[in-house]
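Asks: Line by line, the protein sequences give chains A and B. Residues in the first sequence are numbered consecutively from 1, following the working numbering. Residues in the second sequence are numbered consecutively from 1, following the working numbering.
Don't read these hints as lab results, they were simulated from the structure. Each residue gets a CB set at the ideal place from its N, CA and C atoms; glycine is no exception. One or more hints might be untrue.
Covered stretches of chain B, as calculated for chain A (at least 3 residues, CB under 8 Å) [what the hints assert, rightly or not]:
| no. | segment |
| --- | --- |
| 1 | 10-17 |
| 2 | 47-54 |
| 3 | 63-72 |
| 4 | 130-144 |
| 5 | 161-175 |
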Amino acid sequence: MAAIGSSMPKPIMADRLARILAVSKLTLLEEVRHKVLNATFLFAGVLIYFGVVLSRLALGFEERFFRDIGFAFLEFFGLAILLQSVYRIVEQDVHRGSSVEMYFVRPIERWEFLLGRYFGMAALLWMSLGVMGGAWSGLVAMRGFVFETLYLYVFLEIYLKLLIMLSTAFALATIATSQASYFISALLIYASGHVAYLIRSLLEHQERMDMTSLLLLKPLSYILPNFSLFGAVNNLESILAGAVRYDFYDFACVLGYSLVYGGSLALLASWRFSRREILI
Amino acid sequence: MRLLISVIVAIVATNYLVALYFPERYPEKLPQAFATSRGSAGGTRDLILVGLGLRRLASDIAMIDLLVYYGTHEHAGHETGGRFAGDPSLTGRAPPGVLRRRAAGSEILGSYIDLLPLARRILGLDPYFRYATLYAAGALAFNEDRTRQAVDLLNEARLRDQKYWPYTLTLSSIAYKKINDFPELVRSLEPLIELPECPSMLKNISANIYWKIGRREDALRIYRGLRDFAPEDDYRSNARYKLELLGEK
Numbered sequence: 001m002a003a004i005g006s007s008m009p010k011p012i013m014a015d016r017l018a019r020i021l022a023v024s025k026l027t028l029l030e031e032v033r034h035k036v037l038n039a040t041f042l043f044a045g046v047l048i049y050f051g052v053v054l055s056r057l058a059l060g061f062e063e064r065f066f067r068d069i070g071f072a073f074l075e076f077f078g079l080a081i082l083l084q085s086v087y088r089i090v091e092q093d094v095h096r097g098s099s100v101e102m103y104f105v106r107p108i109e110r111w112e113f114l115l116g117r118y119f120g121m122a123a124l125l126w127m128s129l130g131v132m133g134g135a136w137s138g139l140v141a142m143r144g145f146v147f148e149t150l151y152l153y154v155f156l157e158i159y160l161k162l163l164i165m166l167s168t169a170f171a172l173a174t175i176a177t178s179q180a181s182y183f184i185s186a187l188l189i190y191a192s193g194h195v196a197y198l199i200r201s202l203l204e205h206q207e208r209m210d211m212t213s214l215l216l217l218k219p220l221s222y223i224l225p226n227f228s229l230f231g232a233v234n235n236l237e238s239i240l241a242g243a244v245r246y247d248f249y250d251f252a253c254v255l256g257y258s259l260v261y262g263g264s265l266a267l268l269a270s271w272r273f274s275r276r277e278i279l280i
Numbered sequence: 001m002r003l004l005i006s007v008i009v010a011i012v013a014t015n016y017l018v019a020l021y022f023p024e025r026y027p028e029k030l031p032q033a034f035a036t037s038r039g040s041a042g043g044t045r046d047l048i049l050v051g052l053g054l055r056r057l058a059s060d061i062a063m064i065d066l067l068v069y070y071g072t073h074e075h076a077g078h079e080t081g082g083r084f085a086g087d088p089s090l091t092g093r094a095p096p097g098v099l100r101r102r103a104a105g106s107e108i109l110g111s112y113i114d115l116l117p118l119a120r121r122i123l124g125l126d127p128y129f130r131y132a133t134l135y136a137a138g139a140l141a142f143n144e145d146r147t148r149q150a151v152d153l154l155n156e157a158r159l160r161d162q163k164y165w166p167y168t169l170t171l172s173s174i175a176y177k178k179i180n181d182f183p184e185l186v187r188s189l190e191p192l193i194e195l196p197e198c199p200s201m202l203k204n205i206s207a208n209i210y211w212k213i214g215r216r217e218d219a220l221r222i223y224r225g226l227r228d229f230a231p232e233d234d235y236r237s238n239a240r241y242k243l244e245l246l247g248e249k
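Extracted from the complex, chain A is given alone in its bound form (with noise of 0.2 Å):
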């Protein structure tokens, strides 16, 4: 004899994948229609001043400045645009309830709601990335410099670079208590993520070796974020003249370290996700 309430069907993993579908398109189209042609306007903007203006300065390398103004501008409004769009789905899902109200009438489970909202903004990033990159390399054509195949490595890297700043921002709007907090904790992963590891082998191959600073600065390097993995958009020229070497190896452990941190981390958001009190 069947038990009590086994009777109500248990949803199967294509139900649950439509609901978090459905949940990331909403996002996506929530947020499309801003912050994409914002971020594209000012990013050419940008670009096209410091492209045409500044680059004038860098007589003789003008190519390799463009270029990685580009890639610096791409990954900052990537950054900026994640980062204000997480804290305000959250903030507006966890202490205005106005969108959560209308996803729990029907059965949808708070952390399936959350990855519905993760995949929305991961496509968004997606897609402001590539509409950005397609500024930038109409650019690069214009000036008649060259596009090489590895600025799509490059491309790919920022993209899962942000990925993981994307899990850490949910992460972090989860549980900050203000926007002052999560920005500047967001930040400060980012900035470390980059830097832990540097001052790390910094420490390590110091001929008197700090032991304070190294006691407290490696257990800190094995729970942030290590972005100097992704170096590709550091290592261009030298990759290209064959100095460096970057094959898809170096990419796939990019793209798996990325998928494993930044899972963990989402999985992690959604968890503490489920947890919070809604309040409508």
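Here the structure of chain A is known, so what remains is to put chain B in place on it, guided by the hints.
Replies: For chain B alone, coordinates are given in the frame of chain A:
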């Protein structure tokens, strides 16, 4: 709680594996860059850019610092800057924020004493910035007559970028310059001129030497290239002037 522990274990394990198999690339060079820019306007900027993962951009801007520094007069009446009048664009004063420290143990310090520290800062930020190394080494050796510093800089760059043959050629040409063997000097510089990353200054120096030793056609060829393709206005106008002097309209 179990999930939290699993997440932490996954993150630590992944980071441990990455640290094991992908050690940081060229970290030992960075202190050199920061030591050089400490106390100057660029120091904080370098730190911020490296912190944001923009090490190449930091080196690009450091190179612009060097160009601005080397492109301005240090002393009134300083017209040529060296034996072969490599840089015709010297006007104005050194901008605030550039380093004014004297390089320790250096040889004769004429003008632009910060040229080597600024170049080493760039090399510290990006050891593969070949244009910057060639430019600074060329300026030190051929314009400022500080061959020892140029050799040190090139050797430092070669430690990382061992396969880059133009460094070796530049070292040879510096050696020929020291013994005043100008035909051999230009012969060693010739392959460099064909490279896209060869600074206009080195091309200009080669053309001047060709002219000096009587190889007019070779001088004309390089001046034409400078007139048509040099990114710097000064080198283009200088090439036009030299072409006029050599009888070409």
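Asks: Let me make sure I understand: some of the numbered hints might not hold for this structure. Which ones are they, in numerical order?
Replies: none
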